[in-house]
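Number of protein chains: 2
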Amino acid sequence: MNTAQQLGYDPQAKLLMIHADDAGLSHAENRATIQALEKGMVNSYSIMVPCPWFHEMALYAKDHPQYDMGLHLTLTCEWETYRFGPVLPVSEVPGLVDGHGHFFRKREQLREKATAEEVEKELRAQIEKALRMGLRPTHLDSHMYSVGSHPDFFTVYKKLGEAYGLPVLINKQMMEMVGLDPKTHIGPNDLTIDHTYLGAIADFEKGQFNQGYQHILEKLQPGLNLILIHPAFDEPEMQAIAINHPNFGAEWRQMDFDFFTSEKTKATLVEHNIQMVTWGDIKTQNSF
Amino acid sequence: MNTAQQLGYDPQAKLLMIHADDAGLSHAENRATIQALEKGMVNSYSIMVPCPWFHEMALYAKDHPQYDMGLHLTLTCEWETYRFGPVLPVSEVPGLVDGHGHFFRKREQLREKATAEEVEKELRAQIEKALRMGLRPTHLDSHMYSVGSHPDFFTVYKKLGEAYGLPVLINKQMMEMVGLDPKTHIGPNDLTIDHTYLGAIADFEKGQFNQGYQHILEKLQPGLNLILIHPAFDEPEMQAIAINHPNFGAEWRQMDFDFFTSEKTKATLVEHNIQMVTWGDIKTQNSF
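Sequence order for the protein chains is R and X.
Sequential numbering of the first sequence, starting at 1, is according to our numbering.
Sequential numbering of the second sequence, starting at 1, is according to our numbering.
Pulled out of the complex, with its shape left as it was, chain R reads as follows (with noise of 0.2 Å):
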C-alpha cells in the first residue's frame, strides 16, 4: 500500500504539494511566499521561528488560516555575514552554537557539538514560541534537514511530532542525503512522503533549472510527492544573505517563484492530472 491509498486516494493517483520552505528568513522571502500562496502553485509553507522576519510571517499566518503553515524547526544557519541563533538563551544550549551565538553553518558541525537534549530543548522553545503567539501548525518539518544529522536528533523530531499531534516530513531522499539511514530509521508506523524532490545544483548550473522542475512534473510517480522549494525575489537583501552561496541563493529563488508562478507550470499540473495535497489533508486522514 502506497502512501496515496494510506490517505484514502487512488494507488495510482499522482498527489503533489508544492512547499515553501524558509519563510521568516528574508522580507523577500516572506514576500515571495505570500505571493506564491495567493497567485501561485505553492499550497504549503514552514515558517523559521528564530530568524529576524519571523514576526511578520507570523502575523501573515495569523491571519490567513487557510493556508497550510508548518514549522521549520531550524538548527543550523548556512549564511555567511547575516547570523541568527537560537530562540533560547546560549547558556542553554551551548552546543548549538558558534562563538559568535550562532547557529552552525553545517550539519556536521551540529552532529559533532551539539546534544540530543539540547536539541529537544531548543525545537520545543521554537515550537512553544510559534504557539504563544497564536499560530496553529499543520506539520514539522526542518531546515536542511538538520534534525536527520544525528539519530538521536531524528528520534527527538519524531518524539516532538507525536508529542504536538503534527506529522514530520520524513522522507528516504532527504535521510540519504544528511547520511541517515532509511532502513534502520524508519520505522513501521511512520507516515513517509515517497518521492521529495528539491531543485538540482547540477541543473542551475548549466542553466536548466526550469526544465529540471518541468521534467519532475512531467514524470511525476503515483502516491505522495513533495517539492521543496525556496521563493524569494532577488533583491539586494537576499543577495546579501546568500553572499558566496550561489545554490538556494537569490537567483536560485527568484527562479523557484517565477517557475512555480507561471501559467505554464499551472498547464502542466492539469495536463499531467496531478492532485494537490497539502499537510492538512495528510493530518486529517490520518487522525493526528
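I should point out that these hints are in silico values taken from the structure, not numbers from a laboratory.
Treat the hints loosely; a few may be bogus.
Identical copies look the same in the list; a pair holds intra-copy or inter-copy alike.
Cut-off 30 Å, straight-line C-alpha distance, at most; resulting in silico cross-link-like pairs (DSBU-like, lysine-lysine) [said to hold, decoys possible]: (1) K219 to K121; (2) K62 to K113; (3) K14 to K121; (4) K121 to K183; (5) K266 to K121; (6) K266 to K206; (7) K113 to K266; (8) K158 to K264; (9) K159 to K219; (10) K129 to K219; (11) K113 to K129; (12) K106 to K129.
Knowing the structure of chain R, use the given hints to seat chain X on it.
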C-alpha cells in the same frame, strides 16, 4: 568657552560631524552607510548591536578601522512588524520587553517598565558583545535617545561612557526632545555637542526635506555641530521595516543618503568654510 575652543579650535570655527545612526538595522541601512562613508560626506556612524544585520556591519567595521564608529545603544524598537529585542535573555531583563520578548516601540513604555539596573545590564552586554567581536568604538550614543527617557537611565549612560573611556553624545536639544531637563542633567564636566540637527518632519511632509538640510548648512553656527542622519535605500526591505512609519521611513532615509552624497552638498561645505570633525578627534583631544 565653547566646545570648539575646548577642542583646540578657533572659537569661530564651524565644526561639523555628519553622523549615520542605525547601522546594523538592515542590509539597506548597512549598504547605504558604507557608501555614504566611502563616497559621501558621512564621517562617523554607530552600530545597533541587537539588530539582525549587526554581524554584517561589524565585519565591515573590523576591516575598515579608518572610519569613526560608535555603538548606537539600543533600548527600543519603533517598528511594527520587524521586531528585535535585547542581547541578554529576556528572563534577565523582563522590564525591557513586551509580551513577545521584543523592545518596546516607545520611550514612554520603556520609562514606565524598565529599571535602571536592567538598562545598565543590557547596555553593558551590548558593549561587551561589540568588544568581543573585535570592534573598537570611538563613542557611545543612543537609539531614539531612549537613555534620556528617565534621569536614572541617563546616569547609567554617562557612567558607561566613563567606565569604557568613551565620549557619549550629550546635547541640550536631544534631551529636550525626550523630556529630560538639560539644566539638571548636564554636569560641569560633561562634554556637550553645541547644536544637534535631525531632518525635520514638517519639512519632509511639505516636500522641502533637502531645503531644510541646505538651510542648516548655510546657517551653521560656530561651535561643535552634529547632524544625525539615517542613510538607507528605498528598497522593499526598508519599506517593509518602516511600514506605517513615514518619518524616518524608507523614502526619508534615501533622501538622507542622496543629500549627503551629492556634489552640491560637498560644495556647500567648502563654500561655508565648514570643518569636519569626528568622535575620534573629540576622544583624542579630551584624552578619554
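We went through each hint and held it up to the structure:
no., hint, result
1, K219 to K121, "neither (41 Å within a copy, 60 Å between copies)"
2, K62 to K113, "between (35 Å within a copy, 28 Å between copies)"
3, K14 to K121, "neither (38 Å within a copy, 58 Å between copies)"
4, K121 to K183, "within (27 Å within a copy, 51 Å between copies)"
5, K266 to K121, "neither (41 Å within a copy, 55 Å between copies)"
6, K266 to K206, "within (24 Å within a copy, 48 Å between copies)"
7, K113 to K266, "neither (44 Å within a copy, 53 Å between copies)"
8, K158 to K264, "neither (38 Å within a copy, 63 Å between copies)"
9, K159 to K219, "neither (34 Å within a copy, 69 Å between copies)"
10, K129 to K219, "neither (40 Å within a copy, 53 Å between copies)"
11, K113 to K129, "both (24 Å within a copy, 22 Å between copies)"
12, K106 to K129, "both (24 Å within a copy, 24 Å between copies)"
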